[in-house]
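Enquirer: For reference, the chains in residue letters:
Number of protein chains: 2
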Amino acid sequence: MDNRVYEVQAEYFKALSHPLRIRIVHYLKEGERCVCKIVPYLKEEQSNVSRHLAALKRAGILSSRKEGVSVYYRVQDENVYEILDLVLDSMKKAVREKAVILS
Amino acid sequence: MDNRVYEVQAEYFKALSHPLRIRIVHYLKEGERCVCKIVPYLKEEQSNVSRHLAALKRAGILSSRKEGVSVYYRVQDENVYEILDLVLDSMKKAVREKAVILS
DNA sequence: TGCTTATATGATTAAATGCTCATATATCAT
DNA sequence: ATGATATATGAGCATTTAATCATATAAGCA
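If you're matching them up, the sequences are chains A and B in order.
Using the numbering used here, the first residue of the first sequence is number 532, and each one after it goes up by one.
Using the numbering used here, the first residue of the second sequence is number 532, and each one after it goes up by one.
Treat the hints with care, since some could be wrong.
For identical chains, the list gives no copy identity; a pair is met inside one copy or between any two copies.
The calculated BS3-like cross-link candidates involving lysine-lysine, where the alpha carbons are at most 27 Å apart (straight line), are [unchecked claim]:
(1) Lys-574 to Lys-629
(2) Lys-588 to Lys-629
(3) Lys-629 to Lys-560
(4) Lys-560 to Lys-574
(5) Lys-624 to Lys-597
(6) Lys-588 to Lys-568
(7) Lys-568 to Lys-597
(8) Lys-588 to Lys-560
(9) Lys-624 to Lys-568
(10) Lys-597 to Lys-629
(11) Lys-560 to Lys-597
(12) Lys-545 to Lys-560
Quick caveat, the hints were computed from the structure, so don't treat them as lab data.
This structure is a prediction, so every number in the text was calculated from the model and none was measured.
All chains should be modelled from the sequences, with the hints used to inform the complete structure.
Expert: Written out as structure tokens, the structure is:
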């Protein structure tokens with residue numbers, strides 16, 4: 532396999548490698564939201580949220596549209612939820628296995 | 532959802548957010564391998580590879596066993612392949628969609 | 001036009017990451 | 001015990017990432 536594949540793949544993982552970005556993706560599960568809603572929900576600095584949104588957009592996970600002075604972000608890559616679920620399931624399974632070992 | 536969930540989840544993604552680590556996971560697909568095989572395969576510094584292996588192990592993705600002077604690493608979390616495949620499929624789909632837009 | 005609000009971006013700083021070189025540790029063979 | 005080999009780890013440095021503050025840009029309103 533062309534090694535560059537691993538590089539682009541790594542970029543995707545990097546985009547999800549921050550808790551705040553994962554929270555954003557979850558928050559957008561039910562549909563698009565205005566930045567003006569996302570920021571107070573996360574209770575983080577507006578500029579910081581803006582950069583995390585930009586990172587997710589760069590990775591192709593989110594997309595955005597402008598409406599007047601507002602910007603609405605939405606999930607572009609719906610597969611992201613399947614990926615997030617798989618990771619969570621996988622980690623839960625690991626914990627269960629460890630629990631068995633310790634019991 | 533408890534926000535700490537996003538933190539542990541992010542750790543998993545971080546573990547896969549480097550091309551070399553993804554290559555390692557792929558290399559171990561057919562079974563465990565000795566570090567003495569992994570290093571020349573990757574053509575990277577032994578100490579560097581050692582650290583990447585440690586990172587994957589910390590994340591629960593790999594495990595290792597010692598045999599004499601050698602150490603064998605193997606995939607502990609088999610779900611990782613499903614996750615890697617999903618990400619790749621998802622990215623391919625995005626490219627196809629973009630191609631349609633540009634055509 | 002000038003004012004206000006929403007969002008993005010530049011600059012700075014602190015912290016984390018990745019790499020390399022050198023060295024430590026462990027095991028095995030002589 | 002000595003030496004050789006495999007792997008891990010400490011120290012140092014360069015790069016990247018994240019956060020914050022301040023400011024730029026753009027749209028809408030008076």
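Enquirer: Taking the hints in turn, state whether each one holds.
Expert: A quick look at each hint next to the structure:
| no. | hint | verdict |
| --- | --- | --- |
| 1 | Lys-574 to Lys-629 | neither (35 Å within a copy, 34 Å between copies) |
| 2 | Lys-588 to Lys-629 | between (36 Å within a copy, 14 Å between copies) |
| 3 | Lys-629 to Lys-560 | between (31 Å within a copy, 22 Å between copies) |
| 4 | Lys-560 to Lys-574 | within (18 Å within a copy, 42 Å between copies) |
| 5 | Lys-624 to Lys-597 | between (41 Å within a copy, 25 Å between copies) |
| 6 | Lys-588 to Lys-568 | within (17 Å within a copy, 39 Å between copies) |
| 7 | Lys-568 to Lys-597 | within (14 Å within a copy, 52 Å between copies) |
| 8 | Lys-588 to Lys-560 | within (15 Å within a copy, 31 Å between copies) |
| 9 | Lys-624 to Lys-568 | neither (35 Å within a copy, 29 Å between copies) |
| 10 | Lys-597 to Lys-629 | between (48 Å within a copy, 20 Å between copies) |
| 11 | Lys-560 to Lys-597 | within (19 Å within a copy, 45 Å between copies) |
| 12 | Lys-545 to Lys-560 | both (20 Å within a copy, 22 Å between copies) |
Of the numbered hints given earlier, the model fails hints 1, 9; all others are met.
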